[in-house]
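Please construct the entire structure, taking both the sequences and the accompanying hints into account.
2 protein chains.
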Amino acid sequence: MPMADGADKEKRTVKGKIMTYLVTGAAGFIGAAVAKRLTGDNEVVTIDNLSTGREDNIPPGVEFLKGSVADADLIRRLSDRKFDAVIHIAGQSSGEISFEDPVYDLQTNYQSTVLLLDLARKTGCKKFIYASTMSVYGDHNPPICSEDATLVPKSFYAVGKAASENYMRIYSEQFGIACTALRLFNIYGIGQNMDNLKQGMASIYLAMALSDHKINVKGSKDRFRDFVYIDEAADAFIKALGREEGYDVFNVCTGKATTVEQIINIIKENLPYDVEVQYSEGTPGDQFGIYGNYDKISKALGWKPQIGFETGMKRMIEWAVKDHR
Amino acid sequence: MPMADGADKEKRTVKGKIMTYLVTGAAGFIGAAVAKRLTGDNEVVTIDNLSTGREDNIPPGVEFLKGSVADADLIRRLSDRKFDAVIHIAGQSSGEISFEDPVYDLQTNYQSTVLLLDLARKTGCKKFIYASTMSVYGDHNPPICSEDATLVPKSFYAVGKAASENYMRIYSEQFGIACTALRLFNIYGIGQNMDNLKQGMASIYLAMALSDHKINVKGSKDRFRDFVYIDEAADAFIKALGREEGYDVFNVCTGKATTVEQIINIIKENLPYDVEVQYSEGTPGDQFGIYGNYDKISKALGWKPQIGFETGMKRMIEWAVKDHR
Numbered sequence: 022m023p024m025a026d027g028a029d030k031e032k033r034t035v036k037g038k039i040m041t042y043l044v045t046g047a048a049g050f051i052g053a054a055v056a057k058r059l060t061g062d063n064e065v066v067t068i069d070n071l072s073t074g075r076e077d078n079i080p081p082g083v084e085f086l087k088g089s090v091a092d093a094d095l096i097r098r099l100s101d102r103k104f105d106a107v108i109h110i111a112g113q114s115s116g117e118i119s120f121e122d123p124v125y126d127l128q129t130n131y132q133s134t135v136l137l138l139d140l141a142r143k144t145g146c147k148k149f150i151y152a153s154t155m156s157v158y159g160d161h162n163p164p165i166c167s168e169d170a171t172l173v174p175k176s177f178y179a180v181g182k183a184a185s186e187n188y189m190r191i192y193s194e195q196f197g198i199a200c201t202a203l204r205l206f207n208i209y210g211i212g213q214n215m216d217n218l219k220q221g222m223a224s225i226y227l228a229m230a231l232s233d234h235k236i237n238v239k240g241s242k243d244r245f246r247d248f249v250y251i252d253e254a255a256d257a258f259i260k261a262l263g264r265e266e267g268y269d270v271f272n273v274c275t276g277k278a279t280t281v282e283q284i285i286n287i288i289k290e291n292l293p294y295d296v297e298v299q300y301s302e303g304t305p306g307d308q309f310g311i312y313g314n315y316d317k318i319s320k321a322l323g324w325k326p327q328i329g330f331e332t333g334m335k336r337m338i339e340w341a342v343k344d345h346r
Numbered sequence: 022m023p024m025a026d027g028a029d030k031e032k033r034t035v036k037g038k039i040m041t042y043l044v045t046g047a048a049g050f051i052g053a054a055v056a057k058r059l060t061g062d063n064e065v066v067t068i069d070n071l072s073t074g075r076e077d078n079i080p081p082g083v084e085f086l087k088g089s090v091a092d093a094d095l096i097r098r099l100s101d102r103k104f105d106a107v108i109h110i111a112g113q114s115s116g117e118i119s120f121e122d123p124v125y126d127l128q129t130n131y132q133s134t135v136l137l138l139d140l141a142r143k144t145g146c147k148k149f150i151y152a153s154t155m156s157v158y159g160d161h162n163p164p165i166c167s168e169d170a171t172l173v174p175k176s177f178y179a180v181g182k183a184a185s186e187n188y189m190r191i192y193s194e195q196f197g198i199a200c201t202a203l204r205l206f207n208i209y210g211i212g213q214n215m216d217n218l219k220q221g222m223a224s225i226y227l228a229m230a231l232s233d234h235k236i237n238v239k240g241s242k243d244r245f246r247d248f249v250y251i252d253e254a255a256d257a258f259i260k261a262l263g264r265e266e267g268y269d270v271f272n273v274c275t276g277k278a279t280t281v282e283q284i285i286n287i288i289k290e291n292l293p294y295d296v297e298v299q300y301s302e303g304t305p306g307d308q309f310g311i312y313g314n315y316d317k318i319s320k321a322l323g324w325k326p327q328i329g330f331e332t333g334m335k336r337m338i339e340w341a342v343k344d345h346r
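Protein chains in written order, with my numbering: chain D, 22 to 346; chain L, 22 to 346.
These aren't lab readings, by the way, just hints derived from the structure by calculation.
Heads up, some of the hints might be wrong.
Copies of the same chain look alike in the list, so a pair counts if it works inside one copy or between any two.
[Said to hold, decoys possible] With a straight-line Cα cutoff of 20 Å, these simulated EDC-like cross-link-like pairs (lysine to aspartate or glutamate) come out:
#	residue 1	residue 2
1	239	194
2	143	122
3	335	252
4	325	121
5	143	121
6	87	76
7	239	282
8	143	117
In structure tokens:
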């Protein structure tokens, strides 16, 4: 979708609502869902290195630049574009992999943020929305976290995300960019990558159950997370586009804890065959249990989760059974 | 100083106290002072890219590898070496420059730490000491900071340093490396780079006074800092080598605040000619005023500052007048 200068300008004038967005990582689970919500009347550009995403995930009508968000030369090539907002979702997203390759992790999760914030500054883009993570909290006691909790990140992945939040705060203060960090809790649902066994607790267990009729749980069955259905997570990004100034950070969560055991039971109950469950040692930097308080995003942006985990998980299982067996 | 295998082993056995240290940044002000304290019976290797340091700063007997600490290939070349400790001091050290080139800043200050921690892990090195900074605190109210204060870094430089501290904490917890972060307040004294007008408050003013008989102050004269004489800062690194396990962080400070105006008065009083003072706009991310509490390092490592700012500054002025006019 290259810009035809005259035509594009006219369209912009006539309709008055055409926006141009850079959404990184639109070949991935969350990026694709957000990009899909923005296409239509808007122009959407994405960068994705297809390391875990797939090109056919990218919604129709999205301009695709294949490459890494940590590649300074690639980002520089965008410096003659004018974006109404940058929505930065791309990045290595596995705590486990951040231990295997910490440098790759920091480049995709931290250097990329710096490059994109700098692009925003230099091109006059005034909105920046970032996919942060509940991992920044680390192990928290009590396990329910509000945004003002102390951050004690346990994985390198989480350190990079917390550093990115700090970068956004400074870019906002110094250069007047409205920056929003969304601390995503566990996002799951239709469209999740069922081939990636290092990212996404519910999708990992489901993928194992489907392919081997056996789930290997790394760590305790009593661990728990706060699961947010993908459509509602995408909605949080859309609502964050309404923020016009300053830096702020919001939990994207449901306020409900679901244990590993509960996830496995839902999977077992919804598959027509027996599923064996094995337990092995946990992965480094894994949090034991965490869930979030969503009061802040509810008040500021009117975002509220409505899809319960069992409902969402049944949808996902149905989809996965049909498409991925 | 290449290792002659047999000879070296023998020396090690006979004397029993020969250690091998990697000290990054030994061409710079602080790195050179620390490396100097370690040479003698020990083997000291340094990496420095000479971006702000000078080769003739490197103490005699130190093995010098020219290159960047953020260069993965260079660090990999050290993977057959066995270090008793890594002391990581190299890095872009100007908050101001971190705004001009945030990517260079993050690579030297953050990627380098990850690469070196990973080298330590892979080579079985069990001690890692890091030059962090008081900048991690940001503006703090009240302005005296203990180590448990909340971190609100104002410059990208400080964000990278805070992230590095988190990396060290995780490497310590996960891989049993004794990691020590020293939050250096303003280090000054003989040997400081008098040509670098973007780093080192006292040295910048002194250098301007010497070269132009005019000091251009970027920001308020009421700003204040906590100044630590270089020899005492180097001593904190040596004392930190005594730590055998876990992660910890220590202020390296004097507990005394000195204002910009006081610094300038000391410089004026100790120069034989008039010095004009001009004020202009501050630099982004500059903290207003901060000083530190050194109780923790005093109790844990027996480190205590003894050289007052006026005493140290007179020494520095005398040295600078003689060598750098």
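Quick rundown of the hints versus the structure:
1. 239 with 194: Classified as between: cross-chain Cα gap 19 Å, same-chain 41 Å, threshold 20 Å.
2. 143 with 122: Cα proximity of residue 143 and residue 122: across copies only (13 Å, versus 31 Å in one copy).
3. 335 with 252: Only inside one copy: residue 335 and residue 252 sit 15 Å apart there, 66 Å across copies, limit 20 Å.
4. 325 with 121: Cα proximity of residue 325 and residue 121: none, with 36 Å in one copy and 40 Å across.
5. 143 with 121: between (34 Å within a copy, 12 Å between copies)
6. 87 with 76: For residue 87 and residue 76, only the intra-copy Cα distance (9 Å) is at most 20 Å; the inter-copy one is 42 Å.
7. 239 with 282: within (12 Å within a copy, 59 Å between copies)
8. 143 with 117: Result: close only across copies, 18 Å inter versus 35 Å intra.
Of the numbered hints stated above, the single one contradicted by the structure is hint 4.
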